[in-house]
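Undergrad: Sequence:
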Amino acid sequence: EVCPNCQARMKEEGLADEHELQSYFIQRMEKWLNAQGRQIIGWDEILEGGLAPNATVQSWRGSQGGIDAANAGHNVVMSPNTNCYLDYYQSEDIESQPPAIGHYISLKRAYEFQPIPEDIDPEKAHHVLGGQGNVWTEYIPTTDQVMYMTYPRAIALAEVMWSYPEERDYVDFRTRINNHFSRLAKLGVNYCELDDDPI
1 EVCPNCQARM KEEGLADEHE LQSYFIQRME KWLNAQGRQI IGWDEILEGG LAPNATVQSW
61 RGSQGGIDAA NAGHNVVMSP NTNCYLDYYQ SEDIESQPPA IGHYISLKRA YEFQPIPEDI
121 DPEKAHHVLG GQGNVWTEYI PTTDQVMYMT YPRAIALAEV MWSYPEERDY VDFRTRINNH
181 FSRLAKLGVN YCELDDDPI
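Be aware that the sequence shown starts at 1, since it is given in my numbering, and climbs by one per residue.
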């Protein structure tokens with residue numbers, strides 16, 4: 001908003017606001033990448049101001065961006081911060097947890113993730129390329145802590161992403177996950193032990 005070069009470019013290109021300027025830049029980058037035999041993928045902010053024609057959207061601010069993009073015929077990767085951000089606290093008792101960027105995502109909440117939300121037109125569901133769990137490390141100084149923040153929620157996300165919704169049963173998963181804990185322990189992987197995790 002205060003950059004004179006950006007404001008000059010907006011005026012030169014007839015762009016209404018900074019969102020359209022961002023879209024202008026992304027569309028230029030997409031053309032360049034396509035000429036190099038590549039495809040552009042961007043966080044859901046690329047929806048603001050108009051989406052580049054062949055862009056893939058990584059939906060992180062909830063699922064709505066991915067829903068909108070898929071229904072418009074764009075490929076998407078679903079990684080909403082409501083279920084898939086593994087750098088969020090694993091326990092409601094945040095005082096007992098290592099520092100995290102914020103919020104709380106339980107194992108159950110991770111397991112409730114729907115990679116293909118119901119609001120996506122069934123004929124457009126093929127645009128969902130998959131899902132992704134994210135671990136940002138601003139507050140995570142060691143590999144050991146990365147593992148702690150990642151497990152066991154990554155196990156829940158893995159099952160959700162390779163199974164059909166009608167095959168999922170959290171109570172059954174919660175029972176079976178104990179086998180994973182013994183495997184992780186044998187491998188020396190630090191993981192978050194579940195406290196009360198109500199079923």
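No lab work stands behind these hints, which were simulated from the structure alone. All C-beta atoms, glycine included, are put in the ideal place defined by N, C-alpha and C. Check the hints yourself; a few may be wrong.
With a cut-off of at most 30 Å between alpha-carbon atoms, the simulated DSS-like pairs for lysine-lysine come out as follows [claimed, not checked]:
no., residue 1, residue 2
1, 124, 31
2, 108, 11
3, 124, 108
4, 11, 31
With beta-carbon atoms standing in for the labels, derived distance ranges [to be verified]:
no., residue 1, residue 2, range
5, 119, 92, 22 to 32 Å
6, 3, 139, 23 to 33 Å
7, 93, 184, 20 to 30 Å
8, 143, 71, 47 to 57 Å
9, 132, 164, 12 to 22 Å
Undergrad: Need the list of violated hint numbers for this structure, in ascending order.
TA: 2, 8
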